[in-house]
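Chemist: These are the residues of each chain, in order.
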Amino acid sequence: TQLLEQSPQFLSIQEGENLTVYCNSSSVFSSLQWYRQEPGEGPVLLVTVVTGGEVKKLKRLTFQFGDARKDSSLHITAAQTGDTGLYLCAGEWSGTYKYIFGTGTRLKVLA
Amino acid sequence: GAGVSQTPSNKVTEKGKYVELRCDPISGHTALYWYRQSLGQGPEFLIYFQGTGAADDSGLPNDRFFAVRPEGSVSTLKIQRTERGDSAVYLCASSWGSKGYNEQFFGPGTRLTVL
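Protein chains in written order, with the numbering used here: chain A, 2 to 112; chain B, -18 to 96.
All the given hints hold, so there is nothing to weed out.
Label pairs and their computed distance ranges (CB to CB):
1) B:E64 / A:G53: 39 to 45 Å
2) B:R45 / A:E16: 44 to 50 Å
3) A:Q15 / B:S(-14): 34 to 40 Å
Covered stretches of chain B, going by a simulated chain A footprint (3 or more residues, C-beta under 8 Å):
4) 15 to 23
5) 26 to 35
6) 87 to 93
Dumping the calculated DSS-like pairs for lysine-lysine here, alpha-carbon to alpha-carbon at most 30 Å:
7) A:K109 / A:K71
8) B:K(-8) / A:K99
9) B:K59 / A:K99
It is worth saying that the hints were derived from the structure and are not from the lab. Positions of the beta carbon are idealized from the N, C-alpha and C atoms, including for glycine.
Just chain B, with the same shape it has in the complex (with noise of 0.2 Å):
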């Protein structure tokens, strides 16, 4: 079956520019994942769904970063006012969202550029 796809693969915009990434997740996956990941770092985490609520927002950066998933399956994380220090990778994952081995599955992530 299909793994977890964004779009698109890369994204470059001028600073002050607004920006929609989108993700695909693993069809009949409850939970979905934003995290976001600079150079040479892990994973940081962003937004957490639960169906199509956020049950965990504490990793977004500040009021210019909002995600949605309307109907418990696409999500899009969008991002107002572009600045330059949101140039990073933005990776997508689905998942059961059962306790125990709650295997996340990873899309290949957006490439953001700010110039």
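Next up, chain A with everything else stripped away, as it sits in the complex (with noise of 0.2 Å):
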């Protein structure tokens, strides 16, 4: 059962253009990550946030982490092909170490 849903699940999108990216739960998180994955490699960290209403900046990526602690967004301002992968967000059960994560948004940024 996967407790933190993303949308939307495919994205594409031309160079230049600005998109949101969202994960959703009913569920309280002590912290939640954003990850990119390519093909062939393990997810890679872009962002940790803790606190609630909590905005990290990213170069063009900006995140944020919900007042509740139920949900992020991640926004990327004027995309670039090489921002093409697929987006994870990950939750952080009550500060047990155990991770959930996200069904994922595929990302395509065409030139």
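Fit the two chains together into the complex; they arrive one by one in their own frames, and the hints show the way.
Modeler: As structure tokens, this is what we get:
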């Protein structure tokens, strides 16, 4: 059972466009991470958010943790072809170190 | 330094056979995780080790799956009487195991195909 739903599942956009990916749950997490995964490789951590309402920026990527720590969003400004990949959110259960991954958003940025 | 390595990278086996998948974590990392990822899905938690002990094995699907980490470093995931539904990429990750910013470093995975 996937407790973290991501939307959209697939996204194909032109280079230079903006996009937002959502990660939603009915459960509260003590922290939430975003990863990017490329074919044939393991996921690579982009960011960890810990505090409700927290916003973090990583170059053109902006991450937000919901006030209630149940949801998160990832916004990419002026997407580039190098942003293509599978984006995954992962929530940590109440400081247990156990992580539940979302269903994933497959992003394709076209030149 | 070396990242997380997993062997073999690919494993093809027949239904009913036994397989072992190996994970070499980053040196010094106390926490080690196993996940299973089906095509187009996010990784599914299987088991988490803190040192030598399995701190949480609630994700193991049934008693055909077992994992060990005898010396607190290398881990082996063992699957008995494999079934076609076990086909997936098995990912291993390691981390420092500290609270808060617990970055998991993933290996490239072992692709298991059960014929």
